[in-house]
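J.: The listed protein sequences derive, respectively, from chains A and B.
In terms of the numbering used here, the first sequence is residues 7 to 349.
In terms of the numbering used here, the second sequence is residues 82 to 375.
No lab work stands behind these hints, which were simulated from the structure alone.
Just so you know, not all the hints are guaranteed correct.
Stated by the list, open to error - Label pairs and their computed distance ranges (CB to CB):
1. A/HIS138 / B/LEU259: 48 to 56 angstroms
2. A/GLU48 / B/ASN288: 48 to 56 angstroms
3. A/LYS60 / B/GLY339: 46 to 54 angstroms
All C-beta atoms, glycine included, are put in the ideal place defined by N, C-alpha and C.
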Amino acid sequence: MSLKSYIIARVLLTIPMIMLLLTFVFLIIRVLPGDPASLHFEKNVDPATLLAFKKQLGMDKPLPIQYVDYLVGLFHGDFGRSMQDFSPVSQQIFSAFPATLELALCSTIIMVVLGVFLGAVAGRSYNTMRDHSIRIFGITSYAIPVFFLGEVLIMVFGIYLRWFPAGGRMYPGITPLGLSIGGTHYATGLYVLDSLLEGNLEKLSYAIRYLTLPSLALGTVLCGIFIRLTRSNMLETLQLDFVAAARARGLKERTVVYGYALRNAFLPILTMMGLQFAALLAGAVLTETTFSWPGLGRYLVDRISFRDYTAIQGVVVFFGLIVTIVSLVVDILYAYLDPRIRL
Amino acid sequence: MSEDETYGRIFLRLLPRIRGLSKRGLAGWAILVGGTIVSLLAIMTVLAPWISPYDPIAINVGPLLSPPSSQYPLGTNHLGQDMLSRVISGGAIMFQVSILSVIVCLLVGVPIGLFASFKGGFTDKMSSLVMDSIYAFPGLVLAIAIAAMLGPGVVNMALSIAVVYVPSYFRIIRSQVLTIKELPYVDAARMMGAKTRTTLVSYILPNVVPSIVAVATINFADAILTAAGLTFVGLGLSVSTPDWGWDLTYGRRLLTSGAWWVIAFPGLMVVLLALGFTLLGEGLSELFSPRLEK
Numbered sequence: 007m008s009l010k011s012y013i014i015a016r017v018l019l020t021i022p023m024i025m026l027l028l029t030f031v032f033l034i035i036r037v038l039p040g041d042p043a044s045l046h047f048e049k050n051v052d053p054a055t056l057l058a059f060k061k062q063l064g065m066d067k068p069l070p071i072q073y074v075d076y077l078v079g080l081f082h083g084d085f086g087r088s089m090q091d092f093s094p095v096s097q098q099i100f101s102a103f104p105a106t107l108e109l110a111l112c113s114t115i116i117m118v119v120l121g122v123f124l125g126a127v128a129g130r131s132y133n134t135m136r137d138h139s140i141r142i143f144g145i146t147s148y149a150i151p152v153f154f155l156g157e158v159l160i161m162v163f164g165i166y167l168r169w170f171p172a173g174g175r176m177y178p179g180i181t182p183l184g185l186s187i188g189g190t191h192y193a194t195g196l197y198v199l200d201s202l203l204e205g206n207l208e209k210l211s212y213a214i215r216y217l218t219l220p221s222l223a224l225g226t227v228l229c230g231i232f233i234r235l236t237r238s239n240m241l242e243t244l245q246l247d248f249v250a251a252a253r254a255r256g257l258k259e260r261t262v263v264y265g266y267a268l269r270n271a272f273l274p275i276l277t278m279m280g281l282q283f284a285a286l287l288a289g290a291v292l293t294e295t296t297f298s299w300p301g302l303g304r305y306l307v308d309r310i311s312f313r314d315y316t317a318i319q320g321v322v323v324f325f326g327l328i329v330t331i332v333s334l335v336v337d338i339l340y341a342y343l344d345p346r347i348r349l
Numbered sequence: 082m083s084e085d086e087t088y089g090r091i092f093l094r095l096l097p098r099i100r101g102l103s104k105r106g107l108a109g110w111a112i113l114v115g116g117t118i119v120s121l122l123a124i125m126t127v128l129a130p131w132i133s134p135y136d137p138i139a140i141n142v143g144p145l146l147s148p149p150s151s152q153y154p155l156g157t158n159h160l161g162q163d164m165l166s167r168v169i170s171g172g173a174i175m176f177q178v179s180i181l182s183v184i185v186c187l188l189v190g191v192p193i194g195l196f197a198s199f200k201g202g203f204t205d206k207m208s209s210l211v212m213d214s215i216y217a218f219p220g221l222v223l224a225i226a227i228a229a230m231l232g233p234g235v236v237n238m239a240l241s242i243a244v245v246y247v248p249s250y251f252r253i254i255r256s257q258v259l260t261i262k263e264l265p266y267v268d269a270a271r272m273m274g275a276k277t278r279t280t281l282v283s284y285i286l287p288n289v290v291p292s293i294v295a296v297a298t299i300n301f302a303d304a305i306l307t308a309a310g311l312t313f314v315g316l317g318l319s320v321s322t323p324d325w326g327w328d329l330t331y332g333r334r335l336l337t338s339g340a341w342w343v344i345a346f347p348g349l350m351v352v353l354l355a356l357g358f359t360l361l362g363e364g365l366s367e368l369f370s371p372r373l374e375k
């Protein structure tokens, strides 16, 4: 199969998955016991008010019509309206998304670098004390709730040592402007990048300091799987002939391990990054809540306390779509890098 | 034969296997350590009403936010509740939610996985598609959506968690059934006229059970972490239940006052319980599918 036809087949497979996902979320919100509009008011509300409320959200129509409205709306980028103030949810989603993206990117870096490094060290020192401790660390990191680790980090580095801020995303009152061209600012919403584009080192140092603890918490909790993957890959590769040949040529052990053996683990690591993306977003919901990080996850948790079911629906759909798209991209990238997958 | 005698015999028969565990390398040790942690916590939870020094939900049993002292060994929280009593009693909810969700997963995931992959064709394709789309979803986010609609409660929490993890069971069962159903003995059984149900239950299921046990054990850890996560986002149980997740949630607001003991001990308990189940599950799956010892 050529790369082109693989991509087409893969995209076609994504469509039913997205439809299923959208239907799931719709069913969860509308069909599970409890009408979302009445649940929103918690206590009894007079029928007239409830009906007017439903009308405003289009929830008075029969379910199949609501379903069609919902799909057509999503197709146009409309994620529904908030039950709180009838504002479009998409607006909130797009303004909160860069914060989540920045956290996710930085956590991914920490997760992969930490995991691959520890995994490589463990694989190289197979069956030693060092190997065992790294494996135990890997399993334990999996068992730690990310918000507990976050709280411990806040306690130690935020409150006792005061090295990093205990929560939030930026020093109050400061916003990085991004790239300025003739009086107009082009900001990405990623504060580290925007501070760099603006060329403001003070803002950059703030942005990094606020980003450190949340990404460290999320990255550490998810690094275990990369330790295991790299380690087992390393053990296999180190027994292969080309490694023996590299050693025989008199290359340094360090070069053999990191330059030759580790390179072989690149593809599985890439695949795992795609698979872990869903876990990363789920972890981001908890991490953002712990660190008052103003991203999508925190918006979701915020909406839960307001019983704002239409907003919850919008955010959940958005999370699902992002994961589907990322796994699509990773699969295509993988097929490009490893032609065997297309067979 | 009296009942005691029967149990005595079973125990005697199991003894050599337990002794052998430590010789089975890391997998054996993982099972031993994980099993010990889980059993100790289970015993603590069962005995909680008798060994808690105070009522875990009574407020003002001590001064507010008192650090660990001889009278309150793990300190007190902002409501003056004794943390030691809360730590001892808080596991009950975790065990209830995780056991219930694993049972639901087994009841739903195992039959669907067996039947769909044995049937093959359209049934298999459709159920795989549905399971894969759930599997691809960020688990906690899906559980949040369901739990938000179902409302608080142990059963509702367990159901929301179960929906997320059913695909894990489906996938592992499917991958095994696809190989097993091609084996000659299955053909033989069918040729002798065994019905689909008989073939599945008597011939295929027994070969899948070990992997199901391993997945279910690891699933306990996932369920515990997800339950704690649901509580953390405000979808947990009411204040009137001692719950490690609740302590972690409200403890966050007390961090600035330096009250580390309010989060430290419940947090460690969650880690310990999840770690126990993870070790147990990892060990079991290693033991049941002995690959090259790595």
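J.: Within 48 to 56 angstroms: is that where the Cβ-Cβ distance between A/GLU48 and B/ASN288 falls?
T.: holds, 51 angstroms
J.: Is 46 to 54 angstroms right for how far apart the beta carbons of A/LYS60 and B/GLY339 are?
T.: holds, 48 angstroms
J.: Indicate whether the distance between the beta carbons of A/HIS138 and B/LEU259 respects the range 48 to 56 angstroms.
T.: violated, 36 angstroms
Hint compliance for this structure: hint 1 is the single one not met.
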